[in-house]
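K.L.:
Turn these sequences into a full structure, and let the hints steer you where they fit.
Going line by line, the protein sequences match chains A and B.
Per the numbering used here, residue 683 is the first one in the first sequence, and the count goes up by one each step.
Per the numbering used here, residue 4 is the first one in the second sequence, and the count goes up by one each step.
Please keep in mind that the hints were generated in silico from the structure rather than gathered at the bench.
Note that the structure is predicted; figures quoted are calculated from it, not measured.
Each hint should be verified, as a subset may be incorrect.
[Unchecked claim] Here are the simulated DSSO-like pairs of lysine-lysine, each with C-alpha atoms no more than 30 Å apart in a straight line:
#1 A/791 - B/117
#2 B/159 - A/702
#3 B/117 - A/813
#4 A/813 - A/791
#5 A/813 - A/889
#6 A/807 - B/117
#7 A/802 - B/117
#8 B/117 - A/762
#9 A/864 - B/117
[Unchecked claim] Here are the in silico distance ranges between beta carbons for each label pair:
#10 A/815 - B/40: 28 to 38 Å
#11 B/55 - A/918: 52 to 62 Å
#12 A/820 - B/210: 20 to 30 Å
#13 B/52 - A/719: 38 to 48 Å
#14 B/65 - A/803: 19 to 29 Å
#15 B/116 - A/699: 22 to 32 Å
#16 B/210 - A/822: 46 to 56 Å
Think of the CB as a built atom: it goes at the ideal place given N, C-alpha and C, for glycine as much as any other residue.
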Amino acid sequence: MALVRIDALHKHFGSNHVLKGIDLDIEEGQVIALIGRSGSGKSTLLRTINGLESFDEGCIEVDGERIHPHETDLRALRQKVGMVFQQFNLFPHLSAGQNVMLATRIVRKMPEAEARELAKAMLLKVGLQDKFDAFPDQLSGGQQQRVAIARALAMQPRVLLCDEITSALDPELVNEVLAVVKDLAAEGMTLIMVTHEMRFAREVGDKLVFMYQGRVHETGDPRDVFANPQTPELAAFIGAIQ
Amino acid sequence: MNDISTWDIVRNLFDGAVWTLALSLTAFVFGGLAGLAILFARIAKHALPRRLALGYIEIFQGTPLLMQLFIIFFGGSLIGLEISPWIAAAIGLTLFTSAYLAEIWRGCVEAIPKGQWEASASLALSRFEQMRHVILPQALRIAIAPTVGFSVQVVKGTAVASIIGFVELTKTGSMLANATYQPFLVFGFVALGYFALCYPLSAYARTLERNLHGARSH
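P.N.:
The structure is reproduced here in structure tokens:
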């Protein structure tokens, strides 16, 4: 059974119908690259998966945790879904280590020492084991984003959502973040990424989902889809970004 | 009335100033606690507590403090409650302070970027946990200077309690002015008394603001 199931999902922003019936199944261990123009609904779709956006019709299920339209109790779902943001969103009043520990301490009620060990392990995983006590404003953008990944991983999510996680980075910092994501993919983490890094999507992605005007317009293996797009809209999109 | 010396005036005013200080502290401590509760209601997820809190804030910001004291003091005796001027003044100033502080703090909470809410929500923190561990610690930093600044308004606001007969600095002043026929001298001292209470607070607020602007984020 699919780890993430999205069923006939509809969402409106006022009179604007932004998601027009999305059906998408994501298997455990898959790396999904969500692409499309701005306004195509790809970020909105990603954000509905952990309840940051509500939806009006349809259903989302992650690892057996089902949510319906306008659900308000999202804690169980959010413990299964991690998220990394474009703007990092680290907590500026906490050190890198405390950022990673916070949710395990509060939500998982993990004892201090255990949470600290876990946080160290997570920082080691993203190559920042020596930055435990550094504050976010003492870190580069790439380092901050790696801390944000470690923070999400500490909750041991079943699936990790990445919302344009390299878009706010200086070009020379992009690769260190993508390298971390690539390692996660290799370890079998289920990833859903909204991305503009087409080369990365082709290299690491298992499935490419092209969104167009609120619909899933075309999906397929990234290597095939890039070489041989089936719809003129995707062909135009690929043409425009290359 | 030559038997009241300048020293007597100063000594009596000092006693009055102690009550001004006591009233200010009471209003500030209880007003702060109540203000925190109103803040939570003001930014609640549900519309009802939000509206109630807004109504509360607008009533206390939209009417003179003096009327609020009159209503508590005279309204109390109307329904058979014997309320002393001290209690009436403490209640009135506490309510007044809570409404203003709730509104000041709401501004500080809303100054925290939306991404902080989203990041903490996606880590499965409850709304209360988000406030407690992520939003308030950051909002507190930017709230300190305006909060200390507002405490000056509370100290000066206590003067209206003199009208319902609470003997603090202003009331002591008017009694002394009547007894000595030296209103200029007496109220000069009264003004100095308020200045001595308020100036350190506003100077401190200014220092905090300066430090905050030049400060790192931790």
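K.L.:
May I ask which of the numbered hints given earlier this structure violates, with the numbers listed in increasing order?
P.N.:
Violated hints (numbers, rising): 2, 5, 14, 16; every other hint is consistent with the structure.
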